[in-house]
Amino acid sequence: MKIALAGNPNSGKTTLYNALTGKRENVGNWTGVTVDKKESDLKAQYQIKNNSIKLVDLPGAYSIAPFTGEEAITRDFVLSASPDVIINIVDATNLSRSLFFTTQLIEIGIPVVVALNKMDLVNKKGDYIDVVGLQESLHCKIIETTATSEKGLKQLIEAASEASMHSDLENRGKSVKSFSNDQDRQKYINDLVVKFIVKKVASSQVTFADKVDRIVAHKYLGLPIFFLVMWAVYAFSIEGLGGYLSGYFNDILFGETIPTAANQLLEGIGVHPLMQALIVDGMIGGVGAVVGFLPLIMVLFFCLSLLEDSGYMARVAVVMDRYLKKIGLSGKSIIPMIVGSGCAIPGIMATRTIEDLNEKRITTILTPFVPCSAKLPIIALFSVAFFPESSWVGPSMYVIAIFMIVIGGLLLRKLFVWENTSQFIMELPEYKMPSLKYAFTQMLDKAKAFIYKASTIILVMNTLVWFMQAYGWNLQAVDVQSASILAGVGSIIAPLLIPLGFAGWQLAAATITGFIAKENVVATFAVLLAVGSTDALHMPGGVLTQFFTPVTAYAFLVFNLFTPPCFAAIGAMNSELGSKKWLGRALGFQFGVGYTLALLVTQVGTLLVYGEFAQGFIPAMIVLAVVVGGVYLGIRRADVKRLELSQLSEIGQEA
Amino acid sequence: MSTIIVGILIASLLIWAAKRTQRDLKNSKCGGCSGCGLNKQCHSIEEAPVQLKL
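Heads up: the sequence lines are chains X and P, in that order. When the letters of the first sequence are read in order and numbered with the UniProt record's numbering, they come out as residues 1 to 655. When the letters of the second sequence are read in order and numbered with the UniProt record's numbering, they come out as residues 1 to 54.
Derived from the structure by calculation, the hints contain no laboratory data. No experiment lies behind these values; they were computed from the predicted model shown.
Quick partial rundown of chain P residues pointing at chain X, CB under 8 angstroms, derived from the structure:
| hint | residue |
| --- | --- |
| 1 | S2 |
| 2 | T3 |
| 3 | V6 |
| 4 | G7 |
| 5 | I10 |
| 6 | L14 |
| 7 | A17 |
| 8 | A18 |
| 9 | R20 |
| 10 | T21 |
| 11 | D24 |
No farther apart than 30 angstroms at their CA atoms in a straight line, the calculated lysine-lysine pairs in the DSBU-like style are these:
| hint | chain 1 | residue 1 | chain 2 | residue 2 |
| --- | --- | --- | --- | --- |
| 12 | X | K432 | X | K195 |
| 13 | X | K580 | P | K19 |
| 14 | X | K195 | X | K211 |
| 15 | X | K448 | X | K151 |
| 16 | P | K19 | X | K448 |
| 17 | X | K432 | X | K125 |
Listed next, with one range per pair, are the computed distances between beta-carbon atoms:
| hint | chain 1 | residue 1 | chain 2 | residue 2 | range |
| --- | --- | --- | --- | --- | --- |
| 18 | P | L14 | X | G268 | 18 to 24 angstroms |
| 19 | P | I4 | X | F591 | 43 to 49 angstroms |
| 20 | P | R23 | X | V631 | 39 to 45 angstroms |
| 21 | P | I4 | X | I492 | 35 to 41 angstroms |
| 22 | P | R23 | X | K187 | 53 to 59 angstroms |
| 23 | P | R23 | X | I498 | 34 to 40 angstroms |
| 24 | P | R23 | X | W473 | 27 to 33 angstroms |
| 25 | X | L274 | P | R23 | 27 to 33 angstroms |
| 26 | P | R23 | X | Q47 | 26 to 32 angstroms |
Just so it is clear, CB atoms sit at the ideal spot from N, CA and C, and this is done for glycine as well.
Start from the sequences, fold in the hints, and give me the full structure.
Now the structure itself:
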């Protein structure tokens, strides 16, 4: 038997799906978290004898008539895959909006069972829903559920199984009320709500949540509050508990204990020194440098999950709407960007919730600017090595990211020809006490993913990097790194980095490996620099200071954060942008932004901080002139095209 | 002798990691990103278009 879970966005479908299947799909206290359908077997405790049940979680939809890409997935599945029964998850705290979709699903003729979800919030508010009356009016079974505590789920599956057995399409069709238009449907639903719901607090009355919203979603206070909250989260994660634990991992565990033990063991059993170097410097050193930041990432995501689950992040979208509107985007674009702070790939995928194609494309291009978890080890490493006393470096990357999203959005609007934009309407979820269990699960999920990545792609890349720095083109071990394969490859790219003030093939090599996965930047430094120096990588004034000043270190951070993301994220961009032409434009734009920004930080920063010209000043000025000229020509070309289009449109109207 | 045994162990580990990496890249999986976790398929795998019957 196949059961489809369908309902409005943020009605708790994925939470219900996870509870019923034991899966850990991404959930969030805002709309549009699920953008693809997911399928799985029910957990053993919910399976019904002699009936193997499969569950399909569909993206949220407000109506059977699709408005966005993910709504189309829901409609297509419901209409063409013909599930045996549909469980319609209805947000019990917002029945008037939810029942619109319910009545449409019932009309299709496939048996529908309504899961009246979030009943804990209804009870907490002191509201009452006449479930029996509503059930009789809608002609379908209604089960009260609370997905977060798995209440009512057994009854829900039993009701779904029973409904599938009594499917009688022709008779159902006769008993179901049909509507000639959406206005009639909404009027009918409003009547149902008045008849069957008794609210303890009238909707016109100002609630505690309204009072909180007046502060956190305030047009002037909202943004400073958001920055303050993010600063507190990052200060706690990078400087506080997370930083302390990561310090222990980097300095003691992967800095001394494990390498010393491995060296002793390998020397004790008489392993060849080259093999020993591969294991200790290449594998343990490289992977350890990345895994050392695991505690920091776990603490950070624990805090972010608490914020998200409380409902605060959805308010941030409303606050940001005001600013994003000015660049032709809407608050809806902020959701992919917030999701992208975990990983750019689901962030890019979340652009599917954006109806307007132009807005979707701009958001896809700008989302990778938000520092993802893979970039955090780079931020943390450079913060510790060059700015040990400052807590502003990490949050400053987010401030620059927001600034660059606004500037980038304006530039993209000018550089390319776009069409109209849409309005932003977002439903604010209820505030709730964030669940520690949810935050803990999210944290563990991120940690598992991080360790998996370190044990696969990072391990392979590090071994390759170690091999390439230890061997020459003749496949013989080299005495000096500068004669190695990696030095040869890095030297080809290195001249491109001179205008940015980055000198040395090692930096070019780290940049190249960073495009495979951003964590590789840290791991490559660990492998390359540990071989050439005994100074610790993670210590203030460590080996990295041979290559950077604090200003160029900051520029290197900016370069890695704003140039195109890793290969996998580029693949996701390709899917969402829908054409190679737009992918090329997007990558060119991202590379241009990252390169120019790093160039400006190095050249202007060195002049301001040290009162002298930075390395590569003249090439930098030439590159800058080319970039400015290119942008000017690009804007002019787009202006001409826009003018031609408006003239054509006028001619068309006159005709 | 010990170098050969350790070498075989390390080679096995690397082959396993390389195979996983190759499979992940082939399936457009991001190597365990925070969105996909350890799921078999990545978010970025596109849905096969479903034909509308109505």
